[in-house]
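There are 2 protein chains.
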Amino acid sequence: MSHLRGSIKKIDEALSLKWIKLNKITYIDCKGNERFWESASRTTKKGDTDGVDILATVKKDGKKYLIVVVQYRVPVDNLVIEFPAGLVDNDENFVNSAIRELKEETGYRTTPDKVLLTSPILPLECGMSCANARMVVIDLEETICEEQELEGSENIDIFYLPMDNLFNELEELRKKLNCVVSIQLYTFALGLNFNNFFK
Amino acid sequence: MSHLRGSIKKIDEALSLKWIKLNKITYIDCKGNERFWESASRTTKKGDTDGVDILATVKKDGKKYLIVVVQYRVPVDNLVIEFPAGLVDNDENFVNSAIRELKEETGYRTTPDKVLLTSPILPLECGMSCANARMVVIDLEETICEEQELEGSENIDIFYLPMDNLFNELEELRKKLNCVVSIQLYTFALGLNFNNFFK
Numbered sequence: 001m002s003h004l005r006g007s008i009k010k011i012d013e014a015l016s017l018k019w020i021k022l023n024k025i026t027y028i029d030c031k032g033n034e035r036f037w038e039s040a041s042r043t044t045k046k047g048d049t050d051g052v053d054i055l056a057t058v059k060k061d062g063k064k065y066l067i068v069v070v071q072y073r074v075p076v077d078n079l080v081i082e083f084p085a086g087l088v089d090n091d092e093n094f095v096n097s098a099i100r101e102l103k104e105e106t107g108y109r110t111t112p113d114k115v116l117l118t119s120p121i122l123p124l125e126c127g128m129s130c131a132n133a134r135m136v137v138i139d140l141e142e143t144i145c146e147e148q149e150l151e152g153s154e155n156i157d158i159f160y161l162p163m164d165n166l167f168n169e170l171e172e173l174r175k176k177l178n179c180v181v182s183i184q185l186y187t188f189a190l191g192l193n194f195n196n197f198f199k
Numbered sequence: 001m002s003h004l005r006g007s008i009k010k011i012d013e014a015l016s017l018k019w020i021k022l023n024k025i026t027y028i029d030c031k032g033n034e035r036f037w038e039s040a041s042r043t044t045k046k047g048d049t050d051g052v053d054i055l056a057t058v059k060k061d062g063k064k065y066l067i068v069v070v071q072y073r074v075p076v077d078n079l080v081i082e083f084p085a086g087l088v089d090n091d092e093n094f095v096n097s098a099i100r101e102l103k104e105e106t107g108y109r110t111t112p113d114k115v116l117l118t119s120p121i122l123p124l125e126c127g128m129s130c131a132n133a134r135m136v137v138i139d140l141e142e143t144i145c146e147e148q149e150l151e152g153s154e155n156i157d158i159f160y161l162p163m164d165n166l167f168n169e170l171e172e173l174r175k176k177l178n179c180v181v182s183i184q185l186y187t188f189a190l191g192l193n194f195n196n197f198f199k
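Top to bottom, those sequences are chains A and B.
Note that the working numbering numbers the first sequence so that position 94 is 94, with each residue one more than the last.
Note that the working numbering numbers the second sequence so that position 52 is 52, with each residue one more than the last.
I should point out that these hints are in silico values taken from the structure, not numbers from a laboratory.
Be aware that a few hints might be false.
If several chains are the same, the list does not tell them apart, and a pair holds so long as it fits within one copy or across any two.
[As the list claims (entries may be wrong)] Straight-line Cα separation of at most 27 angstroms, BS3-like style, residue types lysine-lysine; simulated pairs:
#1 Lys59 to Lys46
#2 Lys175 to Lys31
#3 Lys24 to Lys114
#4 Lys31 to Lys18
#5 Lys176 to Lys31
#6 Lys175 to Lys114
#7 Lys46 to Lys64
#8 Lys114 to Lys31
#9 Lys46 to Lys21
#10 Lys46 to Lys175
#11 Lys64 to Lys18
#12 Lys9 to Lys175
#13 Lys114 to Lys18
#14 Lys175 to Lys45
#15 Lys60 to Lys9
#16 Lys103 to Lys31
#17 Lys9 to Lys103
#18 Lys175 to Lys59
#19 Lys21 to Lys64
Quick caveat, the model's predicted, so the values are computed rather than measured.
With the rest of the complex left out, here is chain A (with noise of 0.2 angstroms):
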């Protein structure tokens, strides 16, 4: 695929905040053009990943439920139906910044060996952001919820939604609300789904 692939030429930074930077970058586009580009990234990130997104599901009375947070979220000023998520710490392995936010943002305490997959990196918004995060997948079967362990800023409440109709409900949840998805939870729900609704 070399004849799709550009190169970054140089990077300016345009200004940078405490967790926000804009960079106004130089490239080569595939075809040998000198192009520009304008984008966004984090200041906080140390490794290859910015965050995670925690796939948790959980079995009750029989049934399995995905767990989803709701939050207010400052930049779209709206509550939001997201996976459990946050930022990788300094020098921290994802998968251990996956397990330790699921506890402080659910309750839920887990380990390693319940990871069930990992993604690669994912761009979050690739058109004006360097931004990405990891999936974790985790399968907490009948687990014991503690406390959250939120911090000054954060007030998030948990949902349980079941997995055999967690399209339908996601739509109900988002409307009660009156709020917004997450892209990544919402195509998830619609390819769980996806066999119900189309041939």
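Model the placement of chain B on the given structure of chain A, informed by the hints.
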């Protein structure tokens, strides 16, 4: 859920480039405390929707395939496997954007009556940006594919991935191209084939 909602007090523009700007937001959290957040946003948004992602299926030899695109994305300096996608033009209805972008990027011509589903607004990275997209699900059935209509800086390859083994085939394509997959395409594939892997 009023106990979760905060509110924005004021937004100060820190820097506005041609396509992206950085904002410093002063907000009141759900406990009544004044706090600060930083966010990036597109300068190009006219209505409520930044862009569209097109989930387009097509039948070939009796089997259903998803159409994905691969292109070099400057912010991540890599090839990215994605849904066909694009920004909503000035005053354009987002379904028309999806139909236009699908034609430009893949050569497939379609009409609004082939649209099976449209999503509400879906934030792409709500911890950092207000950017959003809507999913548009289109069944192309057995349709004739014409020429792509790419802009000067664009060079996009198309792949057909079988729906019944999307997750594995996507992972194989990613490894073959040594590139990355957008998070919304990855989680769709994970959902679609989830029950193949996990009970």
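Inset, instruction - Determine which of the earlier numbered hints do not hold for this structure and return their numbers in increasing order. - result: Checked against the structure, the hints that fail are numbers 1, 3, 7, 8, 11, 13, 15, 17, 19, while the rest are satisfied.
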